[in-house]
Amino acid sequence: MTTVQPMAERVSAPPAGGAIPAAAQAPAANRRVALLRVLGPGHVWALGVGIVLVGEFMGWNFAVGKGGAVAALAACWLAGILYTCVAMIDSEITSTVAAAGGQYAQAKHIIGPLAAFNVGLYLVMAYTMLEVSNAIVTGDLIEAFAQSLGLEGAIDKRAFMVLTVVALAFLNYRGVLATLTLNLVITAAAFAAIVVLFVATQPWAPGAVLQHEALLGALPYGSLGILAAMHFGLWFYLGIEGTTQAAEEVRSPARALPLGTMTGMMTLLIAATLTWYVCSGLMPWEYLGQAVTPLYDAARLTGSRWLELFLFLGTLFATVASANGCINDASRAWFAMGRDRYMPVWFGAVHPTYRTPYRAIVFFVPIAILFAVSTPLDQTITFSILSGLLGYTLMALSIVLFRRKWPLGSIQRGYVHPLHPLPAVLLLVLCVVTYLAVFLGYGTQLLAMMAFYITASAWFVLHRYKYVRRGDQFTMPWPKPRGY
Amino acid sequence: MVSVMNWGAWAAATALALWMGFDLLRTNRTYDESYLLSSEEGEIVDSEVGETAARS
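Chains as they are written, first to last, in the numbering used here: chain Y, 1 to 484; chain Z, 1 to 56.
Derived from the structure by calculation, the hints contain no laboratory data. Misleading hints may appear alongside valid ones.
[To be verified] Chain Y stretches covered by chain Z per the calculated footprint, using a threshold of three residues with CB under 8 Å from any CB of chain Z:
no., region
1, 33–40
2, 166–180
3, 337–349
These numbers come from a predicted model, not from an experiment. In this text, a Cβ means the ideal position worked out from N, Cα and C, and glycines have one as well.
Make a model of the complete structure from these sequences and hints.
Below is the structure:
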C-alpha cells in the first residue's frame, strides 16, 4: 500500500488568523488520514433505530387512513418482513464489505458501477429528504409547544428548521463518536417513552383504558385497503438499512454491524407493534388515520400531564435523532462516491482533526435548508420512501449475485443469513407489492422519480464514468468471482 | 419571549454555519489536498484499535 506524503511546507505554514491544528503535525510521520474507528454495536443500533423511530411517532398512521386499523397492522407486519429481509441481507454483505457508503459499496463490488451509482444516489436522496422532513417537523413541534405554553407572538418555524439542520451538521462535522452517542441517548429515551405509554395504558386489563373491542372494526375498504396501507407501512422501519454507513467507523465491522442492525430491527418490530396497539385502542380509525402526532395524542387521551410531556419530548427526540442519523448517512454515501470519483473527488476528503467527511457534510447544509423552507412535507417524505424502495429492490438482486459469485466458504463472512434465497425472493415480492401501493396513491411522483434516475444514469454513463479509476474501485481482498 | 427565541435560533444557526465555513476553508488551506484525499475504502489506519476480521 502506498503512503501519501503531504507537502511539509504547507502543513507547517500557520493558517491566516488561526493556530495550527494539533493534527497538522501528524502528516510529518508519513500517516494517512481516514475515518475514525471508534463506534461499537450500541452506536450502530442508535444510528439505525435513531433514523427510523420517528416513524412510530408520526406518519405510520396514514396507513390506518388508507385501510383501517387492522389493515395498518397487516401492513406493519408485512413491512416488518420486508425490512427483516433487508436487515439480514445487509448484515451478511456488510460484514464482508467494510466500507463507508454501505449499499453503494456493496453494489459496486457485486453488481457493477451503474448500479452502484444509482444506489448511491438513492441513499443520498433518501437520507437528505428524510433529514429535510425531520427539520420541517421540528419546526412544527416547537411552534405547537410554544402555543401550548401560551407564549405570545408567532414562532418563526424557518429559524428552527435552519437551526436543526445547521446544529446537527455542526455536531456531525466535529466527530462521529459524539454524534452517535447523542443519538444513543435520545433514541433510547424516545423508545422508553413508547414503552412507558404502553404500560400506562394497562394492556393487562382490556377495557380499562384501551378500547379495542369497541374501536377495532372490520376492514372498511376490504382487502384492497391492506395493499393501499403498504405505502405508509414502510414508515415503521424506513432507514434501518442506514446502519451499514458506519462500516468504516466501527471498531469491529464483522461483529458490530450485524449485531447493531439485527437488534435494531427487533427494537423496531416491538416499537411498531406497541405503537399500533396503544393508538388503535385509544382512537377511532377515522381520527387516527389523519392525526399528525398519534403517539402524543394517545398520551393526551390518557389524561396524564406527565405522560403528555414525556411523549412530547419523545417525539422531539425521535425527530432530532432521525435528522442527526440522516446527516451522518447522506454524507458518508456522498463521501464514498466522491472518493471513487463517481462524484467530484473533492468530496472524498477527511478532516484531519475530526476525522469526518467534512466537505460532504457541509455540502448538504444549504441543500437541506433550501428544501426545508420551500417543499411540502408529503413531497419530501414520498421522495425519501421511493428512493429507499428502489434501493431495496437492487438489494434482493445483490444478495443473489453475491452468493452466486462468492459462495459460502469462498470468503469469510461475519454473518450468514438463513434460508437463502427465501429472504431475497420475499423482499422482491414485497417490493413489487409496495410499488403497486405507491403507484395507486403517488403514481405521478413514482414516474417522475424514475425519469430522474434514468436521466442521472445517462449522465453517469455518457459523461461521469470516464473520470472513474476503474481498477481502483474494487478494494475488497476477495478471490475472483466464480465463473470469472 | 417568542421574538427572543426566533432571533436566538437565527443567531445560533448563523454562528455555527460561519464556524463550519471558516474551519472548512482553514483546513483546506492548511493541509495538502493529497493528504486530505488519502483515505481509502475499507482501510484500517488505526491498527491499534481496528479489527481485521472483515478484511481477512
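Hints, verified against the model:
no. : hint    : result
1   : 33–40   : holds (count 6)
2   : 166–180 : holds (count 5)
3   : 337–349 : holds (count 5)
No hint from the list above goes unmet by this structure.
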